[in-house]
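Residue numbers (my numbering), protein chains in the order written: chain A, -4 to 293; chain B, -4 to 293.
Hints in this document: simulated from the structure, not taken from any laboratory.
In this text the structure is predicted, and so the values were computed from the model without any measurement.
Hints are supplied without guarantee of correctness; some may be wrong.
Because identical chains cannot be distinguished in the list, a pair is counted as satisfied if it fits within a single copy or across any two copies.
[Stated by the list, open to error] Pairs of lysine-lysine residues, derived as DSS-like cross-links and limited to a Cα-Cα distance of at most 30 Å, are as follows: (1) K6 with K248; (2) K78 with K249; (3) K91 with K249; (4) K78 with K248.
Spelled out, the chains give:
There are 2 protein chains.
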Amino acid sequence: MIAGIEAGGTKFVCAVALDPQTILEEIRFPTTTPEETIAKALNFFMEMQEVHGPITSLGVGSFGPIDPNPGSPTYGMITSTPKPHWENIDIIGVLKESMDIPMGFDTDVNGAALGEYLWGAGQGLDVVLYLTIGTGVGGGVVVHGKPVHGLTHPEMGHIAIPRGDDRDSFAGVCPYHGDCVEGLVSGPAIAARAGRPGQDIPAEDPGWDTVADYIAQALCTYICVLSPNRIIVGGGVLGQEHLLERVRSLVLKKLNGYIRHPFLTPEGISQYIVAPGLGTKSGVIGAFALGLRAARES
Amino acid sequence: MIAGIEAGGTKFVCAVALDPQTILEEIRFPTTTPEETIAKALNFFMEMQEVHGPITSLGVGSFGPIDPNPGSPTYGMITSTPKPHWENIDIIGVLKESMDIPMGFDTDVNGAALGEYLWGAGQGLDVVLYLTIGTGVGGGVVVHGKPVHGLTHPEMGHIAIPRGDDRDSFAGVCPYHGDCVEGLVSGPAIAARAGRPGQDIPAEDPGWDTVADYIAQALCTYICVLSPNRIIVGGGVLGQEHLLERVRSLVLKKLNGYIRHPFLTPEGISQYIVAPGLGTKSGVIGAFALGLRAARES
């Protein structure tokens, strides 16, 4: 039996499975303090082992920034996160104390990108970008079949974008950069600007045009820098279909025909910027994949 | 004997070698019409074959956009370039008519990134970004040992960036996007803003602060999206040492400590944003590497 944790900044999803695409049992709970949250995950896995037998690998896809480099002294830790209590938390270290099995560790979005590459909307593609726009904004990338880390790991939500000639005066909510993309279009940013949560803002509110413009600007940047074969967008914000449609046409408008591909046309764009093939399960199924890879390499 | 072409928008560099790191003979000439320019390259190689014996592979690193996907009907072509006469030019097709040998084809910057990964400042690194800021602005990326193409190939110079609160009024020179990074900080952009070429502008001119700010903004975006292990900068513009120093400190200021790594510190940054290990030869040596890979795979 394999196990996975999608360790999000808002909630943890823990699951076990025999085959990574078929979840056997799953539990979700809010992310509180590290002690409490990690203990809950461990309790769930202990219970599962009693019912279903031993767990042979565990993958953790975590909110970040994290240290995913196995050669580093801070490997397995959540590092410079602005999330209270979670800075410098050795999540893999704590899990290893209770479970002596191969463990994979990566960002939640790299995990989701890997899940989508293996079994979802990114199957067999050379460059797969999984983007989440929800509590935060983050991107994971699989290139040539493997997640990308480089110096640390991508932090795509933290790019700066132009705010247009009709710059709105909103200062943004990112504690590090103010009006980076995460500071402008994450769920909390949308709520802070509008004074009410996104799901309560009607589709015809002009504020959505601003949000769509910023998201499209960010996607154009990711397209120019990474040239993804497909952009898979999860998280709550683009779950609003009217917003997704606006973003798709703004992306074409901003690229202005410079990059030519059948996907970058009014007919093709809905196959290019897409919802996750694994629905809301990309993260936890991706975590299984991280664990399985770790087991194979151990 | 192996051959390489660094097909730049301003000049072509053609070279032959027995060992990719040691150029045997090299020729440089301006990029004029496709017919004339490609003929000059072919003449050089014919001459070299008479003197040194047969050429066994050819690599071409080209300005773009290009189609580097061997499965595509437009493979080997320069596609939507704004450069007059060069749109939809089948450069590999024309070369193949005269030379029936394995040929590799990629962007000039992907070629240079591969050269730097194999023998230069990016040796053995997981994510190598080679950036050129000169006649144009472009970036090539090698991830997990192979150049990145994805949908087409990266077009890093064409990202939009915020222009700051003291927005200068310069409209930018990119025919597709106006004030994208290439439109703002390429050599021609710097000259258009100042009314004189960059090499004639003294280091204390305040215009350099604006240029440094834009370049640093672009580098921060590349860091957040790609997480390169090292950024290697070629091209004329950052050859001005005072500008490189300003860019390095502005990058740290803008990232604001969010991404933690010894390279992203005042002590480490000069090892992170660096000049090419192969000097001005990254492009043509990278072209050799493209040809050698093609020969190995044929």
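Cross-check of the supplied hints:
1. In this homomeric assembly, K6 and K248 never come within 30 Å of each other (Cα to Cα): the closest approach is 36 Å inside a single copy and 32 Å across copies.
2. In this assembly of identical chains, K78 and K249 lie within 30 Å of each other by CA distance solely across copies; the values are 20 Å between and 34 Å within a copy.
3. Neither within a single protomer nor between protomers do K91 and K249 lie at most 30 Å apart by alpha-carbon distance, with minima of 47 Å and 37 Å respectively.
4. When the C-alpha separation of K78 and K248 is checked against a cutoff of 30 Å, the pair qualifies only between copies, where the shortest distance is 22 Å, while the shortest distance within a copy is 36 Å.
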